[in-house]
Each structure stands twice: as structure tokens, then as C-alpha cells.
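A.B. asks: Listed here are the chains, written in short residue letters.
Number of protein chains: 2
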Amino acid sequence: MAQDLASKKQHTGQIKGVLAAALTPMDGNLNIDHEAFAGHCRRLLDAGCHGLGIFGTTGEANSFTADERIAALETLVGSGISGKSLLPGTGSCALPEAVHLSRVALELDVPGVLVLPPFYYKGVSDDGLFRFFAELIERIADPRLRVYLYHFPRMTGVGFSLSLIGRLLEAYPGVIVGTKDSAGDWDRISTLCREFPDLEVFAGTERYLLDTLRHGGTGCISATVNVTSQLARQVHDAHEAGRNDEAEALQEHLTSLRSAIEEYPTIPALKNLTGRFTGEDVWQNIRPPLTRLGDEQADELLSRMRDLGLRQDYS
Amino acid sequence: MAQDLASKKQHTGQIKGVLAAALTPMDGNLNIDHEAFAGHCRRLLDAGCHGLGIFGTTGEANSFTADERIAALETLVGSGISGKSLLPGTGSCALPEAVHLSRVALELDVPGVLVLPPFYYKGVSDDGLFRFFAELIERIADPRLRVYLYHFPRMTGVGFSLSLIGRLLEAYPGVIVGTKDSAGDWDRISTLCREFPDLEVFAGTERYLLDTLRHGGTGCISATVNVTSQLARQVHDAHEAGRNDEAEALQEHLTSLRSAIEEYPTIPALKNLTGRFTGEDVWQNIRPPLTRLGDEQADELLSRMRDLGLRQDYS
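Chains as they are written, first to last, in this note's numbering: chain P, 5 to 319; chain X, 5 to 319.
A couple of the hints might just be wrong.
Unchecked claim - Distance condition first, Cα-Cα at most 30 Å in a straight line; then the derived BS3-like pairs of lysine-lysine:
| hint | chain 1 | residue 1 | chain 2 | residue 2 |
| --- | --- | --- | --- | --- |
| 1 | P | Lys126 | X | Lys126 |
| 2 | X | Lys126 | P | Lys20 |
| 3 | X | Lys20 | P | Lys88 |
No lab work stands behind these hints, which were simulated from the structure alone. These numbers were taken from a predicted model, which means no experiment stands behind them.
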């Protein structure tokens, strides 16, 4: 049945497959290092990513001001990374800021924007969230707008219920086009694929990459793909080519890497690994309230990655 | 013993007593109505508030951009409300934004700033939060800075542990000066009063106003004081004058009003009541994800307030 769903699914979105939720490198003053950012994005695309989710949770989006995010996005595209390969996070608790960030992104020709719900107030109603997205869409008022709903309730404390997603799809067909689901719950992802055939469903972890593709989903947008992009792409391609056994074996390898990284604080762990692989100092830096990985943990993680056969894409 | 604590306590902060966490009125396009805001702040001060917490949770701070908050703060002071009576919220998930907001506030002569922890990431360490506040203080680098720690874990999902507060007080004496505690937990407030004699402790609800004052705390900063300011001030003054029985009776009345309002969504309820009392249309408007109170609930609330003898300060 999963295979049936996958074969029937028409992917109308302009971006699909394996997306890294790109890390944001910063200098010693904790300002974004634009050159290192472009370099990292280029490496990820070269290593097989179909696209990049930038300024998501992994990209420390909410630790930057809107102006910092805009400057980095514009510089990135100016450096030659195509806007078409980027799915930037443009959410904000403040509606006008989400509008502004989204408009800037659209001018850079992005295939869509990944939007968090406003996440300060807790216990808000679906009506209130619906109204936020309705206002967002109507204020942006741009036919190019494609919104991906960013569901990460463990961070936001505010989630998209299935009925809210249905209501938004009905009210804004062709504008609400997809979701990144970071709830870490396979049942929810498979339900989304089944219940909303018009929704582009990205799993928030490459742990579910193959399962998501098999159920007609669109791919994954994942933090750990910052270091596993080559392998994740191989899973995708083996599935695409119908080499099912190979896809499963590759997915098992990918999942083992993901599981090991998940035992550490994710963003510090990924920044550390990227620093080890590239030799760049910028990966030591992280904005508070996040903290860098301790040396001992970092050594242990790297050694586990090597034991698990992680290929260092950037060496 | 509580009375002993209260009499020994030296309040070094420049603001104390009854503070309303002021609501923010907005026009039909959901932009801040500066004139109505100044009018509301003036009414609250005239009704007995010693000061105002502006752009806190009740003021929908995080639903506004930094520029909107700054324009409103500057216009408010320009309209004749003294900066000395304001304790503005200047927190942000983005460190440079919290720095910028705080600097602007200091130029307006505020007695302090009320700072949320960065609230996007959950499960962050005390080290990470310490580092955020250390960076904030060191980047602002202004001897006038007085920081009040805004503890509201039900909204932020991130709290100030007692050991973190102790560490901050030790590292930045005279800069970290107080806290607004909105955890709704009397035990925590009394512990703060006892364990940190140098900390100005504001209860986040006037329910604990008298108890807080009796334990040497500084007062309250509360949403519901938008409609109960006169009565809250009477509690304060009766306590101050040593009229203990009267203070207790007034506190009981105040608590009954607070308890009734708490049965409704707080901010929509307070905006509605303020609209009823002032006759101003602006109080109908609220930024998503919050939603206005339904007519039926609003009628019921008003009738309960009248039954409970709420004096309409603004009629």
C-alpha cells in the first residue's frame, strides 16, 4: 500500500529529496561568517543535497535578528548559491517580521518558505494559529508564495493539529504546500502522507527518509544531514531506482549514524563534527543559550562516527 | 518571621510596589495605537500604580518587532510618561536584539529592564543561560543597567533555577537586581525572598501581593492590575501603614477578582474589560495567535466583575 501511495503521488512542490538543515557558522564575536556559510552550503549541495533548509532550528535562526538573517540570505545567494535550492525559515513570533522575512526570501527566488508557528504563547487555539497564517499569507500577497508548515512541538510548545493543517490547505490551496515534521513520530508522518495527498511531507529526520519516500512523502530536512548528506542521498537514489534492498541497507547505516549523534546535544555536536572535518575554526562558535560540546564528548563522538563508517564528505 | 524579614530588607531598586503589566492597544491593522497606549499608561499611574511593566507577556511583546517596541517606548516617554516609572521587557531569543532594546530603554532613563531568557531552545543548560546574560550585560556595558530576571516557565519553557540566579547575582552584583516571578508558585517566591536578600522580588500576580510584601519582597507586576490597580494599591498602602487587618480584607477582595479573571484567557479578557470601561474600540484588537474574547464570555466576565465589586477606575 505504501508503494501504491508513492507511485500515485504527484509532487507539485519545487523542492524535494534530501535537504540538510544547514548549520550557521559564526566568528569569534558570534556574528555570521558569510564566507564560511556559503562554503558550507556549497559543500552540502556538492555532497548530494537536493536543497538546503537554512535558518531553521539547526541554523540557530531564532538566535539571530531579522536583519542578520536577511543579510546572510542575500549574501548567500549573491555568492552564487541559487535561491531555488533554499528553503529558508522565515517564522517569527511577530507577524510583521515573518511577513518581511518571507518577502525578502521570495525576491531571491526561493521555492518556498518554512514557517514556524508563533511560539511564545502556549495553549493557543487553532483559530489563533489559523489567523496568524491567514494574516501572513494575505499580507505577503505574492502569487509566488509557497508555505511549508514547520512542526517542531518539542521546541515551540505549539503544534499544527491535523485539523488545522486541513483547514489551512482548504483555505489556501497552492499556497500552503508542505510541512516539515520534526515531532519525531513516524505515525504522524505516515498519517500526513495518507490524509493529505496534496501536502509535500518532509520528515524532520533522515531516520524516516526511506519510509517517508515509500509512503509518498517528499523527503527529509534534517540537522544530521549536515554530516550524512552523501549517504542520505544514496538512500534516496537507491529508492528512486527501485533498488529496494540496497536502499534498506543504506538506510540502516544512515539510521545508526543518526542514532549515535542523537545521544549528544545535536547542534553543538554537528558544529563540532563539521569543524573536525573542515579544519575551520568558525565551527567552535555558537550563540547562547547553546553551548559548545566539551572536548571529551567531542573526541568520543568523532571516534564513534568513524567506527560507524561515516564518510567525511569534506576532507 | 516574615515581618522580621520585611523590616530588615533594604530595597535598593529604583522601582517597587504595585506595577501593572500594561496591555498594548492596537488599531484595526494591528499596529500599536500610540495615543491610546499613552492614555492607558497614564490612567494606570493615576489609578495608583507605582510603575508599569510594559512589553511583557501581557503587553504582547513578542508579537511585535523590535522596531515597533522601540517606537512605542520612545513615543510613550515623549508623551510625558516618565521613563523612571517604566520597567520595559527587553528580552529576545536573539542576543543582539536584547542588547539593542535594552540600550534604547536605558537612554529613556528606565530604572531597569525585565529580561526573558532566550525561549526558543528547550532543555538548555544553566551554563548556556548564564552565558546569554553575561554576554548581554557585557555587550550593553552601561553602568546604569539594572536587570530583572523574568521567570515565566509556563510560557518560555525555560526557567531560572535558584542556582542560576545565585550565580548571576554573584557575577554581576548591582546589575542583576531583581526578578519577576510568574511561576504562580508561592513557595518559590518565599524562597527567593529568603535566600536572596539582595534580590528585588516581584510576584507575577497580585494574588501574592500582601504575602510578598510581608516576606520582604518588592511588590507585584501583574496582568490583572490593568483592571485592579486601585485596589492593589490600597492593599499595598494598608500594609505599609501597618493596618494589617484592613490589608488582609483588601487582599481577599483583590484575590477574588484575580481568581475570576483567571478563568478566562487572560489577555483577551483584560483587553475586553478595558474596552468596556473606557469605551475605546482599540481594545477589540489583538495580534494572533491570541484571539479576542467571544461576546458571551465577555458579557459574563463583566457581570462577574461587577458582582465582585470591581471599581471601574476609568469610567
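A.B. asks: With reference to the structure, classify each hint as holding or not holding.
C.D. replies: Structure-based check of all given hints:
With a C-alpha separation of about 14 Å, the suggested pair Lys126 (chain P) and Lys126 (chain X) falls inside the 30 Å cut-off, and the hint holds. Restraint check for Lys126 (chain X) and Lys20 (chain P): satisfied, since their Cα atoms lie roughly 29 Å apart, inside the 30 Å limit. For the suggested pair Lys20 (chain X) and Lys88 (chain P), the alpha carbons sit about 54 Å apart, so the restraint of at most 30 Å is broken.
The structure fails to meet hint 3 from the earlier list, while all remaining hints are met.
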